[in-house]
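Visitor: Mind docking chain B on chain A? Use the hints.
Protein chains: 2
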Amino acid sequence: MQASETEWTDIEKKIARTAFEQAYKREIDALLKQVQKEASTLVDLNDIWRLHDFLSAKRHEIEGKYDYQYSVLLFIFAELIKEGWLSLNELKGLDQDKLSKVAVLSRM
Amino acid sequence: MQASETEWTDIEKKIARTAFEQAYKREIDALLKQVQKEASTLVDLNDIWRLHDFLSAKRHEIEGKYDYQYSVLLFIFAELIKEGWLSLNELKGLDQDKLSKVAVLSRM
Numbered sequence: 001m002q003a004s005e006t007e008w009t010d011i012e013k014k015i016a017r018t019a020f021e022q023a024y025k026r027e028i029d030a031l032l033k034q035v036q037k038e039a040s041t042l043v044d045l046n047d048i049w050r051l052h053d054f055l056s057a058k059r060h061e062i063e064g065k066y067d068y069q070y071s072v073l074l075f076i077f078a079e080l081i082k083e084g085w086l087s088l089n090e091l092k093g094l095d096q097d098k099l100s101k102v103a104v105l106s107r108m
Numbered sequence: 001m002q003a004s005e006t007e008w009t010d011i012e013k014k015i016a017r018t019a020f021e022q023a024y025k026r027e028i029d030a031l032l033k034q035v036q037k038e039a040s041t042l043v044d045l046n047d048i049w050r051l052h053d054f055l056s057a058k059r060h061e062i063e064g065k066y067d068y069q070y071s072v073l074l075f076i077f078a079e080l081i082k083e084g085w086l087s088l089n090e091l092k093g094l095d096q097d098k099l100s101k102v103a104v105l106s107r108m
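Protein chains in written order, with my numbering: chain A, 1 to 108; chain B, 1 to 108.
Okay, chain A solo, but in the shape it has when bound:
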């Protein structure tokens, strides 16, 4: 299921990088809005520590997820599609085999 760097053409790499950055931007923008919203409703210390716990989890998740390596890129794309940060359509231009793999993985 893995696809090493040599299996990506230059055009595919460009499409992949653009899709990756787009998904990243969307998720970060959503996170920014969510943190601003939650922070505006803080009432007591428990709320602050809840925000802290939330940020700890998000940081761990985001730093782990957005690791641009060709060997795991299809898995990352499938995950991003599953989570709604990317659509399969935005990967158009990758070869059919890669697209099929991402599509299958994203439904798992």
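Since no wrong hints were added, every one of them can be taken at face value.
For identical chains, the list gives no copy identity; a pair is met inside one copy or between any two copies.
Here are the simulated DMTMM-like cross-link-like pairs (lysine to aspartate or glutamate), alpha carbons at most 20 angstroms apart as the crow flies:
id	residue 1	residue 2
1	14	67
2	25	44
3	58	38
4	58	47
5	101	79
6	92	10
7	25	83
FYI, nobody ran anything at the bench for these hints, they're computed from the structure.
Guide: Below, chain B without anything else, positioned relative to chain A:
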């Protein structure tokens, strides 16, 4: 320098508890305002992680500091005065020896 529980009269305990809770309330209120303010100015992911780092440090600091034990209460009061969350005046009613110790410690 330590004062165990037996060295505190009931009246002193009441004064100490009130002062402790007052300082705690002030610090938490200030923290709430600061977090709300910082959250409203978040622009990018670095800002979010900076907020996360700030909350991690604050949580560690606050959970360590507000530990109500008579054996270390004079040190806590001195620290709270030093940080501006309490004034020596609010400890009026403690015996002179305790007040002097807190005053000296708060200037160290």
